[in-house]
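**Student:** Sequence:
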Amino acid sequence: GEPIEKGRVRNGIGMLVVCLFVGFALSTMIGMHRMKDLRSRVAYAISETRELRNKMTEFHDVEKRWPDAMEMGVADFNPYPDGGGYRLQPDGSVVISFSVLPELKARSITFTPTPGDAGHFDWVCTADAEIERRYLPGSCR
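The sequence shown begins at 1 in this note's numbering and counts up by one.
Take these hints with a grain of salt, some might be off.
What the hints assert, rightly or not - Below, a list of computed lysine to aspartate or glutamate pairs in the EDC-like style, where the Cα atoms sit at most 16 Å apart: (1) 55 - 68; (2) 55 - 122; (3) 36 - 103; (4) 55 - 71; (5) 105 - 132; (6) 105 - 128; (7) 105 - 82; (8) 64 - 91; (9) 36 - 132; (10) 105 - 37; (11) 105 - 130.
Claimed, not checked - Just the calculated beta-carbon pair ranges, DEER-fashion: (12) 137 - 72: 38 to 48 Å; (13) 23 - 117: 47 to 57 Å; (14) 22 - 47: 32 to 42 Å; (15) 5 - 36: 45 to 55 Å; (16) 59 - 128: 21 to 31 Å; (17) 48 - 128: 12 to 22 Å; (18) 89 - 20: 49 to 59 Å; (19) 26 - 105: 24 to 34 Å; (20) 89 - 23: 40 to 50 Å; (21) 36 - 117: 33 to 43 Å; (22) 17 - 47: 24 to 34 Å; (23) 54 - 20: 23 to 33 Å; (24) 122 - 69: 15 to 25 Å; (25) 100 - 30: 14 to 24 Å.
None of these hints come from the bench; they were simulated from the model. Note that CB positions come from ideal geometry on N, CA and C, so glycine has one too.
Using the sequences plus the hints, can you model the full thing?
**Tutor:** Shown next as structure tokens:
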């Protein structure tokens, strides 16, 4: 009876190790997918404002002031299909806010025009401290 018991114990331990390994692998893959999803949502939100920021810079070059939303032909708040959106501020800043995923919900990223070389403006990106930096592009960290 003893050899049969030892075989069962070894098989049981082997199955436990296999299950732990599979669980760890699945957890890692799900976590990586989640991080990729969060990063892509942030990148999408930022890219959706790129053309607007360029037009705002051109407007400022001519008018010497920042436009409001109506002058840019956009609404006061411009929603994204998967939640969140962006709005223009009187100082020329563009604020991107998120409203769906728990890691991003009620948090924002702000692009502020800052005078640069030769009278041009650079768009400085800042993010709420609560947004994990790994979800942001390098320019916003």
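**Student:** Could you run down the list of hints and mark each one as holding or not?
**Tutor:** Each hint tested on the structure:
For the hint pairing residue 55 with residue 68, the CA-to-CA distance comes to about 12 Å; that is within 16 Å, so the pair holds. With a C-alpha separation of about 13 Å, the suggested pairing of residue 55 with residue 122 holds against the 16 Å cut-off. Among the hinted pairs, residue 36 with residue 103 is consistent with the structure: their alpha-carbon atoms are about 13 Å apart, no more than 16 Å. Straight-line distance between C-alpha atoms of residue 55 and residue 71 comes to about 11 Å, which keeps the hinted pair within the 16 Å bound.
Simply put, residue 105 and residue 132 have alpha-carbon atoms about 12 Å apart, close enough for the 16 Å limit, and the pair holds. A C-alpha spacing of about 11 Å is found between residue 105 and residue 128, which places the hinted pair at or below 16 Å, so the restraint holds. The hinted pair formed by residue 105 and residue 82 meets the criterion: a straight-line CA distance of about 12 Å does not exceed 16 Å. Of the pairs offered as hints, the one joining residue 64 and residue 91 holds, with about 12 Å between alpha carbons and a cut-off of 16 Å not exceeded.
A C-alpha spacing of about 13 Å is found between residue 36 and residue 132, which places the hinted pair at or below 16 Å, so the restraint holds. Between residue 105 and residue 37 the alpha-carbon distance is near 14 Å, which keeps this suggested pair within the 16 Å criterion. Between residue 105 and residue 130 the alpha-carbon distance is near 10 Å, which keeps this suggested pair within the 16 Å criterion. Between residue 137 and residue 72 the Cβ separation comes to about 23 Å, which falls outside the hinted range of 38 to 48 Å.
For the hinted restraint 47 to 57 Å between residue 23 and residue 117, the CB-CB distance of approximately 54 Å keeps it satisfied. About 37 Å separates the C-beta atoms of residue 22 and residue 47, a value consistent with the hinted range of 32 to 42 Å. About 47 Å separates the C-beta atoms of residue 5 and residue 36, a value consistent with the hinted range of 45 to 55 Å. Distance hint for residue 59 and residue 128: a CB-CB separation of about 27 Å, consistent with the stated range 21 to 31 Å.
For the hinted restraint 12 to 22 Å between residue 48 and residue 128, the CB-CB distance of approximately 18 Å keeps it satisfied. In this structure the hint that residue 89 and residue 20 lie 49 to 59 Å apart at CB holds, the actual value being about 51 Å. A beta carbon spacing of about 26 Å between residue 26 and residue 105 agrees with the range 24 to 34 Å that was offered as a hint. For the pair residue 89 and residue 23, the beta carbons lie near 47 Å from each other, so the given range of 40 to 50 Å is met.
For residue 36 and residue 117, the hinted distance range of 33 to 43 Å is satisfied, since their beta carbons lie about 35 Å from each other. Evaluation of the 24 to 34 Å hint for residue 17 and residue 47 yields a failure: the beta carbon distance comes to about 45 Å. For the pair residue 54 and residue 20, the supplied restraint of 23 to 33 Å is violated, since their beta-carbon distance comes to about 52 Å. At roughly 22 Å, the beta carbons of residue 122 and residue 69 sit within the given window of 15 to 25 Å.
The given range of 14 to 24 Å is respected by residue 100 and residue 30, whose C-beta atoms sit roughly 18 Å from each other.
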